[in-house]
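Colleague: Chains A and B, in that order, give the protein sequences. Terminal number for the first sequence in my numbering: 118, no gaps in between. Terminal number for the second sequence in my numbering: 1318, no gaps in between.
Heads up, a few of these hints could be off.
As the list claims (entries may be wrong) - Per the computed footprint, the stretches of chain A lying under chain B, defined by three or more beta-carbons under 8 angstroms from a beta-carbon of chain B, are:
| hint | region |
| --- | --- |
| 1 | 32-46 |
| 2 | 49-57 |
| 3 | 108-117 |
As the list claims (entries may be wrong) - Coverage of chain B stretches by chain A, computed from C-beta distances (three or more under 8 angstroms per stretch; other residues unrestricted):
| hint | region |
| --- | --- |
| 4 | 1237-1247 |
| 5 | 1277-1287 |
| 6 | 1307-1316 |
To be verified - Here are the simulated EDC-like pairs of lysine to aspartate or glutamate, each with C-alpha atoms no more than 20 angstroms apart in a straight line:
| hint | chain 1 | residue 1 | chain 2 | residue 2 |
| --- | --- | --- | --- | --- |
| 7 | A | Lys54 | B | Glu1207 |
| 8 | B | Lys1242 | A | Glu93 |
| 9 | B | Lys1244 | A | Asp90 |
| 10 | B | Lys1245 | A | Glu71 |
| 11 | B | Lys1245 | A | Glu93 |
| 12 | B | Lys1244 | A | Glu93 |
| 13 | B | Lys1244 | A | Asp13 |
| 14 | A | Lys66 | B | Glu1207 |
| 15 | B | Lys1242 | A | Asp13 |
| 16 | A | Lys54 | B | Glu1306 |
| 17 | B | Lys1240 | A | Asp90 |
By construction, these hints were calculated from the structure, which means they are not laboratory data. Since this is a predicted model, take the numbers as computed values, not measurements. The beta carbon of each residue, even a glycine, is placed where N, CA and C say it ideally should be.
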Amino acid sequence: AQSVTQPDIHITVSEGASLELRCNYSYGATPYLFWYVQSPGQGLQLLLKYFSGDTLVQGIKGFEAEFKRSQSSFNLRKPSVHWSDAAEYFCAVGALFGNQFYFGTGTSLTVIP
Amino acid sequence: DTEVTQTPKHLVMGMTNKKSLKCEQHMGHRAMYWYKQKAKKPPELMFVYSYEKLSINESVPSRFSPECPNSSLLNLHLHALQPEDSALYLCASSRIQGRGSEAFFGQGTRLTVV
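One chain only, chain B, in its complex shape (with noise of 0.2 angstroms):
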């Protein structure tokens, strides 16, 4: 099993909303991403999970917080959000951080925010 799963796959939400994205693997993977990515563009590194710990916060508003409450699963959750994160929010997961292991990409939540 190769797959990355997020769900849901579309989200609208008002902006005093909120909302959660969830991401889970099942390849062992002990590194899970969240990339932000608008259209047209390459996708945005947000945050990185090491072993279930926060890794990097690549600046990110903190209306943005993620949690990764098992090596399987990463959620991000949304809240107060404003109509510029309206993007393509992806989840990836990689056997570890860095060394060149490669990552493997859900099919990204489409998130409209209005």
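So that you can see chain A by itself, here it is in the shape it has in the complex (with noise of 0.2 angstroms):
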């Protein structure tokens, strides 16, 4: 069965900071990830997909992600955080046929002057 983890519910970091969130996913055939970012009362804005080909994945706002194929892993990273990364971030692995998203359980980021 299809599923993400995100082990992380909330993590606050400073600014200026790096960032790295965590995405874990479970699927049996070839992946397609997504990071979508969320800010408060607001509809899920992509930041970066991963179909195939090189594994580090540039998106927008600064964010990159790496997939390893050897870890089901596909995490998020940003090297400084800005206040305005505030939000909450889904990871979200794409299905070739049916429901087309499988979202992880989020993981809320805080930032600190």
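Two independent chains are provided; combine them into the complex using the hints.
Modeller: This is the structure in structure tokens:
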């Protein structure tokens, strides 16, 4: 069965510090992987996606993610966090057929000055 | 244009009311979705339309009735809701259903049932 695990419910970082949000997936075939960000009361915005090819993926707002098949992981990183990055982050795995996305439970990011 | 537009942004309705949520996209996407999201939780899939036909109904109560009048529009008709149905309702679209096609989400409708 497909599933996505985000082990960290909540993370607090200082502005300017680096960030890594963890995502582990379980999927029977080659996964399609996504990271979305959601500000309070807003919709979800796609940060980046991985389908195939280069395992290091660049996204918007300075984010990147690395696909590691051996670890079934797709961790999101940013070298220097800005206060505006405070939000909820969802990792998702896309299905080849049927249900579009399996979302992780989300990681809430707080950025302190 | 990569927008999915949802109206209204906020809705308060009584348990005996009938209301509708609307969603529109002009990206030529042929798959459209309704999700329900409670606070601090991930979105939960409710319905999927593929080429204007209902493809997935995730055992949603009949008080929620989706409609896809054409390839650009998606409605969610609400009737006799319960307070526990209060949530953020998100519409999304993707080029096609599945095959890793990324979804574009609207800003959501914040629904409060009183």
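Colleague: Which earlier hints turn out false for this structure, listed by number in ascending order?
Modeller: 5, 10 and 17
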